[in-house]
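2 protein chains.
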Amino acid sequence: MSQITALDTFDLRFPTSRMLDGSDAMNPDPDYSAAYAILRTDDDGPDGHGFVFTIGRGNDVQVAAIEALRPMLVGADVEALLADPGEAWRRLVHDSQLRWLGPEKGVMHMAIGAVVNALWDLAAKRAGVPLWRLLSDLSPEQIVDLVDFRYLEDALTPAEALELLRAAAPGKAERAARLVADGFPAYTTSPGWLGYDDAKLARLTREALDAGFTQIKLKVGGDLDDDVRRLRIAREICGPDVRIAVDANQRWGVDEAVRWVKELAPFDPWWVEEPTSPDDILGHAAIAEAIAPVRVATGEHVANRVMFKQLLQARATQFVQIDATRVAGVNENVAILLLAAKFGVPVCPHAGGVGLCEAVQHLAMFDYVAVSGSTEDRILEYVDHLHEHFADPVRVENGRYRAPELPGASTEILVPSLVAHRYPDGSVWR
Amino acid sequence: MSQITALDTFDLRFPTSRMLDGSDAMNPDPDYSAAYAILRTDDDGPDGHGFVFTIGRGNDVQVAAIEALRPMLVGADVEALLADPGEAWRRLVHDSQLRWLGPEKGVMHMAIGAVVNALWDLAAKRAGVPLWRLLSDLSPEQIVDLVDFRYLEDALTPAEALELLRAAAPGKAERAARLVADGFPAYTTSPGWLGYDDAKLARLTREALDAGFTQIKLKVGGDLDDDVRRLRIAREICGPDVRIAVDANQRWGVDEAVRWVKELAPFDPWWVEEPTSPDDILGHAAIAEAIAPVRVATGEHVANRVMFKQLLQARATQFVQIDATRVAGVNENVAILLLAAKFGVPVCPHAGGVGLCEAVQHLAMFDYVAVSGSTEDRILEYVDHLHEHFADPVRVENGRYRAPELPGASTEILVPSLVAHRYPDGSVWR
Numbered sequence: 001m002s003q004i005t006a007l008d009t010f011d012l013r014f015p016t017s018r019m020l021d022g023s024d025a026m027n028p029d030p031d032y033s034a035a036y037a038i039l040r041t042d043d044d045g046p047d048g049h050g051f052v053f054t055i056g057r058g059n060d061v062q063v064a065a066i067e068a069l070r071p072m073l074v075g076a077d078v079e080a081l082l083a084d085p086g087e088a089w090r091r092l093v094h095d096s097q098l099r100w101l102g103p104e105k106g107v108m109h110m111a112i113g114a115v116v117n118a119l120w121d122l123a124a125k126r127a128g129v130p131l132w133r134l135l136s137d138l139s140p141e142q143i144v145d146l147v148d149f150r151y152l153e154d155a156l157t158p159a160e161a162l163e164l165l166r167a168a169a170p171g172k173a174e175r176a177a178r179l180v181a182d183g184f185p186a187y188t189t190s191p192g193w194l195g196y197d198d199a200k201l202a203r204l205t206r207e208a209l210d211a212g213f214t215q216i217k218l219k220v221g222g223d224l225d226d227d228v229r230r231l232r233i234a235r236e237i238c239g240p241d242v243r244i245a246v247d248a249n250q251r252w253g254v255d256e257a258v259r260w261v262k263e264l265a266p267f268d269p270w271w272v273e274e275p276t277s278p279d280d281i282l283g284h285a286a287i288a289e290a291i292a293p294v295r296v297a298t299g300e301h302v303a304n305r306v307m308f309k310q311l312l313q314a315r316a317t318q319f320v321q322i323d324a325t326r327v328a329g330v331n332e333n334v335a336i337l338l339l340a341a342k343f344g345v346p347v348c349p350h351a352g353g354v355g356l357c358e359a360v361q362h363l364a365m366f367d368y369v370a371v372s373g374s375t376e377d378r379i380l381e382y383v384d385h386l387h388e389h390f391a392d393p394v395r396v397e398n399g400r401y402r403a404p405e406l407p408g409a410s411t412e413i414l415v416p417s418l419v420a421h422r423y424p425d426g427s428v429w430r
Numbered sequence: 001m002s003q004i005t006a007l008d009t010f011d012l013r014f015p016t017s018r019m020l021d022g023s024d025a026m027n028p029d030p031d032y033s034a035a036y037a038i039l040r041t042d043d044d045g046p047d048g049h050g051f052v053f054t055i056g057r058g059n060d061v062q063v064a065a066i067e068a069l070r071p072m073l074v075g076a077d078v079e080a081l082l083a084d085p086g087e088a089w090r091r092l093v094h095d096s097q098l099r100w101l102g103p104e105k106g107v108m109h110m111a112i113g114a115v116v117n118a119l120w121d122l123a124a125k126r127a128g129v130p131l132w133r134l135l136s137d138l139s140p141e142q143i144v145d146l147v148d149f150r151y152l153e154d155a156l157t158p159a160e161a162l163e164l165l166r167a168a169a170p171g172k173a174e175r176a177a178r179l180v181a182d183g184f185p186a187y188t189t190s191p192g193w194l195g196y197d198d199a200k201l202a203r204l205t206r207e208a209l210d211a212g213f214t215q216i217k218l219k220v221g222g223d224l225d226d227d228v229r230r231l232r233i234a235r236e237i238c239g240p241d242v243r244i245a246v247d248a249n250q251r252w253g254v255d256e257a258v259r260w261v262k263e264l265a266p267f268d269p270w271w272v273e274e275p276t277s278p279d280d281i282l283g284h285a286a287i288a289e290a291i292a293p294v295r296v297a298t299g300e301h302v303a304n305r306v307m308f309k310q311l312l313q314a315r316a317t318q319f320v321q322i323d324a325t326r327v328a329g330v331n332e333n334v335a336i337l338l339l340a341a342k343f344g345v346p347v348c349p350h351a352g353g354v355g356l357c358e359a360v361q362h363l364a365m366f367d368y369v370a371v372s373g374s375t376e377d378r379i380l381e382y383v384d385h386l387h388e389h390f391a392d393p394v395r396v397e398n399g400r401y402r403a404p405e406l407p408g409a410s411t412e413i414l415v416p417s418l419v420a421h422r423y424p425d426g427s428v429w430r
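First to last, the protein sequences are chains A and B.
So for the first sequence, my numbering puts the first residue at 1; every next one is plus one.
So for the second sequence, my numbering puts the first residue at 1; every next one is plus one.
Chain A on its own, in the form it takes in the complex:
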């Protein structure tokens, strides 16, 4: 029997604002950051690593929220925790006092996500398999048990979820083999940051095509004339067959979004991402209806499964962009994958930042192997930033993610990076 002996936290920040990497219409100067958690045990086995991605200021608040969970974890029996991850999730999310701080949204909910993801990293390492495979090897019943169906049953019952998973089960082994052989499709956002000039945009677009990508993404929403010019440059380089998604990062109101997107429509955007507030389900539905056949994508700032449920019920989004660290970890993302499958909407995860590619690839691959069973219109964001800090960095080749092979959730940051990027005392910040 082993116990959790410590929950160690780190306020890690990377000075990305110095290069305008990651700049968009709402986030002009992000310093990519991780509120990072390590769950340690009293046996000789591995530790569990998880984090919340933030963009700088407030990362300390996020760390404080993770620390508030310490009494619920330290001293707990590791085998018991990992034997019933659905119950572990419910205990954390439904704590009768902490719940008030959301409920189920914002800093406290994301903090739970970090420790839930650290528990899954620990589970996968102890099982000696990558997380995507650990999840895919669960039975349909075990997968359903991960999910809290409270507030979901008007859209998806446990019985319906079970039916979906059982229907997907026969092909799992074949799809897992294909995933290992061929990888998972990726698109790149690297060319399209708003802070880049036209020459850099054009150069990076060409490099993306040369690297084998069949979809890129451009940030929009700062200035309409700029957006039209930048989209024209990209479309000229890409030709008609490479998909170009655009991303407004919540910049617009409903009517403004419709007007703006109509001006961009001649350049055939594959989707329009975050056209307005992530909370505005009815607004997204109105936008989606008005701009069709251009489609809406959202999710990276959608607070929880109840919001995703409604986006799907209202046909407000045509792509579900899960994020590995916005909701309460793997379990809640499994709920969202099941909802998306029920509504027949493809999941195209948000990534980038620091570690989001590493973390979310497992969920996209699990979705393909065990839930949706398809890669049609599924594609995983890729940004080539900060992977060098990870023990098991993503491997993207010829426009596709290779399936992770090492045990764990790929969320572990290397010790020298933990030391150097610790804010404010690490060498990078001193």
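Please note that the accuracy of each hint is not assured.
Intra- or inter-copy, both count: the list cannot distinguish identical chains.
Stated by the list, open to error - Mimicking EDC-like on lysine to aspartate or glutamate, the simulated pairs with C-alpha atoms at most 20 Å apart in a straight line are:
#, residue 1, residue 2
1, K200, E163
2, K262, D154
3, K200, D29
4, K200, D425
5, K172, E376
6, K342, E160
7, K342, E79
8, K200, D210
9, K342, D255
10, K262, E289
11, K172, D148
12, K262, E153
13, K200, E236
14, K172, E141
15, K200, D148
Honestly, the hints are just simulated from the structure, not real lab data.
On a predicted model such as this, the values are computed, not experimentally measured, just so you know.
Starting from the known structure of chain A, arrange chain B on it as the hints suggest.
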């Protein structure tokens, strides 16, 4: 010219769980708490006081979030801040890095609410008037300038808001005088906590009627048979004319809510509060349609104005229950009052906890004097807990709130209470 010299914070907790005061179906053991902020200046004038209400664990996280705002406030020019409160709000809410932690929801958003409310307390004290009067005396143009209309304009434009306020302006002086003379209608939740036995429920219901209340509220959602029995007891004591609201505190899914409320309908509940997740706009709309003529009330956990907008657009709630410390302070609540007025839905604020009655009464009174212009179906929650800790406690007489007379927002806690209830080192907790 004076400056903000300090933002002092306090983790204050009150051991209310020892008495089961405040117990309901989702919150069985709250320790009412305040993440408390004092803005100090370098002149001889007053300080500004504000807080976030929480229910215990995690209050330290909420304090950390308030502290993250310190660099944006300390050193700022007081007159400039108070001269343009709309701009001050936007600077805090739209900080390009902190925004990621919500956006506009949860711990970080509530922290902004605490300092925004502290600024309003400071403004009202410096003006020598209670907050409700300071707000009511603003011109329609000044009130519109308090509000950030981003994401609202599909439901309410600044021009429409101005029109609403101008229509209400001629009667302001008369309504203010009537408010001072007659007070504002209150209902009491004191009889109905789930932890109380039937005898205590009956006794407190009788006491509420004797005290002049014409509406009470009962917690429900734990056990249906218990709810039916308790509602029958209360209805027998109240007779047909006293209104009895019921409050499920988010306990149900959509279908469960409909089934449960139909069983309670014979006892004529005035409203059903928080039947399901506060995030579930479509769920509330479905419930409201199914249980009519019983009406839905919600708001105390609704994260921001974009969510309120949709609840109103979807006709999902028939009463808007603003909370003084859930959203980003006075400015955002003004936006919500304007939305409610546009949709013709009465505002019945959430109160109770510690200090929520003190804080929110000003907003209900401002709504009556300057926005909705009506008390029809408007009523303000009252719970007789912890008022003795406040410098300007609420005064409820014959079932009505008396209008505050002292300068400020009534949010100031007495120094001995700050010292005794500080967690974990105050005398109450040692």
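Tested hints:
Proximity of K200 to E163 under the C-alpha cut-off of 20 Å is found in neither arrangement, the shortest distances being 49 Å within a copy and 48 Å between copies. In this assembly of identical chains, the alpha carbons of K262 and D154 lie at most 20 Å apart only when taken from different copies (18 Å versus 35 Å within one copy). Taking the shortest Cα distances, K200 and D29 sit within 20 Å of each other inside one copy (18 Å), while across copies they are farther apart (57 Å). Taking the closest pair of Cα atoms, K200 and D425 never come within 20 Å of each other, the shortest separation being 34 Å inside a single copy and 57 Å across copies.
Proximity of K172 and E376 under a CA criterion of 20 Å is satisfied intra-copy only: 16 Å inside one chain copy versus 61 Å between copies. For the identical chains of this complex, K342 and E160 are intra-copy neighbours only, at 8 Å inside a copy versus 41 Å across copies, given an alpha-carbon limit of 20 Å. In this assembly of identical chains, K342 and E79 lie within 20 Å of each other by CA distance neither inside one copy nor across copies; the values are 32 Å within and 55 Å between. Taking CA atoms no more than 20 Å apart as the test, K200 paired with D210 passes inside one copy only; the shortest distance there is 15 Å, against 76 Å between copies.
When the C-alpha separation of K342 and D255 is checked against a cutoff of 20 Å, the pair qualifies only between copies, where the shortest distance is 19 Å, while the shortest distance within a copy is 30 Å. In the homo-oligomer, the alpha carbons of K262 and E289 lie at most 20 Å apart inside one protomer (12 Å), although the nearest pairing across protomers, at 35 Å, exceeds that limit. Neither within a single protomer nor between protomers do K172 and D148 lie at most 20 Å apart by alpha-carbon distance, with minima of 24 Å and 50 Å respectively. In this assembly of identical chains, K262 and E153 lie within 20 Å of each other by CA distance solely across copies; the values are 19 Å between and 37 Å within a copy.
In this homomeric assembly, K200 and E236 come within 20 Å of each other (Cα to Cα) only inside a single copy, at 15 Å, whereas the closest approach across copies is 76 Å. With identical chains, the CA atoms of K172 and E141 are at most 20 Å apart within one copy only, with a shortest distance of 15 Å there and 62 Å across copies. For a Cα distance limit of 20 Å, the shortest separation of K200 from D148 qualifies neither inside one copy, at 46 Å, nor across copies, at 35 Å.
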